[in-house]
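J.: With the hints as constraints, model all of the structure from the sequences given.
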Amino acid sequence: MDKFVVNGGNRLKGDVTVSGSKNSALPILAAALLAEGPTVVRNVPELEDIVAMVDLLRSLGCEIRREGKDLHIEVRSEAHSHAEYDRVRKMRASVCVLGPLLAKRKAARVAMPGGCAIGSRPVDLHIRGLRLLGAEIELDSGDMVAAASRLRGAEIFLGGPFGSTVLGTDNVMMAATLAEGTTVIECAACEPEVEDLANFLNKMGARITGAGTPRITIQGVEKLTGCDHTVIPDRIEAGTFMMAAAITNGDVTIRNVRLDHMMAVVDRLREVGVSVERSNGSAIVSSARHLQPADVTTQPYPGFPTDMQAQLMSLLCLADGNSAITEKIYPDRFMHVAELLRMGCNIRKEGPTAIVTGVKKLIGAPVMASDLRASAALVIAGLVAKGQTMVNRVYHLDRGYESFEVKLREIGADIRRVNE
Numbered sequence: 014m015d016k017f018v019v020n021g022g023n024r025l026k027g028d029v030t031v032s033g034s035k036n037s038a039l040p041i042l043a044a045a046l047l048a049e050g051p052t053v054v055r056n057v058p059e060l061e062d063i064v065a066m067v068d069l070l071r072s073l074g075c076e077i078r079r080e081g082k083d084l085h086i087e088v089r090s091e092a093h094s095h096a097e098y099d100r101v102r103k104m105r106a107s108v109c110v111l112g113p114l115l116a117k118r119k120a121a122r123v124a125m126p127g128g129c130a131i132g133s134r135p136v137d138l139h140i141r142g143l144r145l146l147g148a149e150i151e152l153d154s155g156d157m158v159a160a161a162s163r164l165r166g167a168e169i170f171l172g173g174p175f176g177s178t179v180l181g182t183d184n185v186m187m188a189a190t191l192a193e194g195t196t197v198i199e200c201a202a203c204e205p206e207v208e209d210l211a212n213f214l215n216k217m218g219a220r221i222t223g224a225g226t227p228r229i230t231i232q233g234v235e236k237l238t239g240c241d242h243t244v245i246p247d248r249i250e251a252g253t254f255m256m257a258a259a260i261t262n263g264d265v266t267i268r269n270v271r272l273d274h275m276m277a278v279v280d281r282l283r284e285v286g287v288s289v290e291r292s293n294g295s296a297i298v299s300s301a302r303h304l305q306p307a308d309v310t311t312q313p314y315p316g317f318p319t320d321m322q323a324q325l326m327s328l329l330c331l332a333d334g335n336s337a338i339t340e341k342i343y344p345d346r347f348m349h350v351a352e353l354l355r356m357g358c359n360i361r362k363e364g365p366t367a368i369v370t371g372v373k374k375l376i377g378a379p380v381m382a383s384d385l386r387a388s389a390a391l392v393i394a395g396l397v398a399k400g401q402t403m404v405n406r407v408y409h410l411d412r413g414y415e416s417f418e419v420k421l422r423e424i425g426a427d428i429r430r431v432n433e
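Counting along the sequence shown from 1, when you hit position 180 you're at 193 in the working numbering, and nothing is skipped either side.
If a hint is listed, it holds; no wrong ones were tucked in.
In silico lysine-lysine, DSSO-like type, Cα no more than 27 Å apart, as pairs:
1) Lys399 with Lys16
2) Lys399 with Lys420
3) Lys26 with Lys373
4) Lys420 with Lys26
5) Lys103 with Lys119
6) Lys216 with Lys236
7) Lys103 with Lys82
8) Lys82 with Lys16
9) Lys362 with Lys399
10) Lys373 with Lys362
11) Lys362 with Lys374
Because the hints were derived from the structure by calculation, they are not lab data.
T.: This is the structure we're talking about:
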């Protein structure tokens, strides 16, 4: 099992390039199941989750080959529609094959998905939405078993107790592309990744309007054909490098970034005292030596993303005063707090809120990553900590960051991967 060894104290400086969005690429790859003919998906990062999705799609009859950052996909057989537990248990996005399989093959059996241990993430809204399209769905031995001779358009409300559902919106939208009639999704997720998926589907011949807003309208079509599409940049990776630059008092140019997808993150960084400037598709990030405290609440897009909560917490641990971070998406997503305390942070948890009192310095220590974004937060803390930090279980991080330690080294970090 790999771990990162980080020697803190280096100021980050230079250029780093952001990879394609994991959270966009995964549902887009699943949507390729809907296509007749070849599909090319470009700017696909090389990640463990992508490897898992490719393996799953191959088991469902797809022929896939990678050429650099491009994946060439074509459905060769529709005989098998079972997404088995051994293939989906480690990756929540595997649930995205449910909608395409149901729409194209009229039946699907998909194991309940896994992923990071960051709290309850039920699939009830997925099931509800697909049932409203006319599917019959039941649970059997841990699998969702779905069937529909013909899907029909419907008006579907996808709001849940913590807001809209991104993957639920993806699943229903994909299924509705081949449904008879018009489907309207109310309280749809507005994330850029949902809009990217809609753009991909429209290139295939779908008729989708309103993606990126709370109301998406889908006019069903008879068939979809393969297309050529480039995945958007990963806004979470970009935000993570912004936090790394800020905590080290760095000066980093982050290339291939869409700041219009990141305004909540940029707003909080500027409040803390970090300069973020736009420059020809790049962001230039530099930091003041004294960081100011800030309050933040995670919310569905365009609010502050839950996937940036842990990284921001690491930064605020060095702010001059008290900050409050309230988690409204996954209230249990604070397992990184105990590990940051080991590094000298002063954090007090009160229900869904963490009160962060800034300290003068962090101290390197052995820490354990509990999930994908917590892993990045611990590395960020290690970049500025006095001494050596060992981040264990970085397989979590490999699910969502492409060559993370390599990119950090290129801008001055003292970090290396060690196999235990």
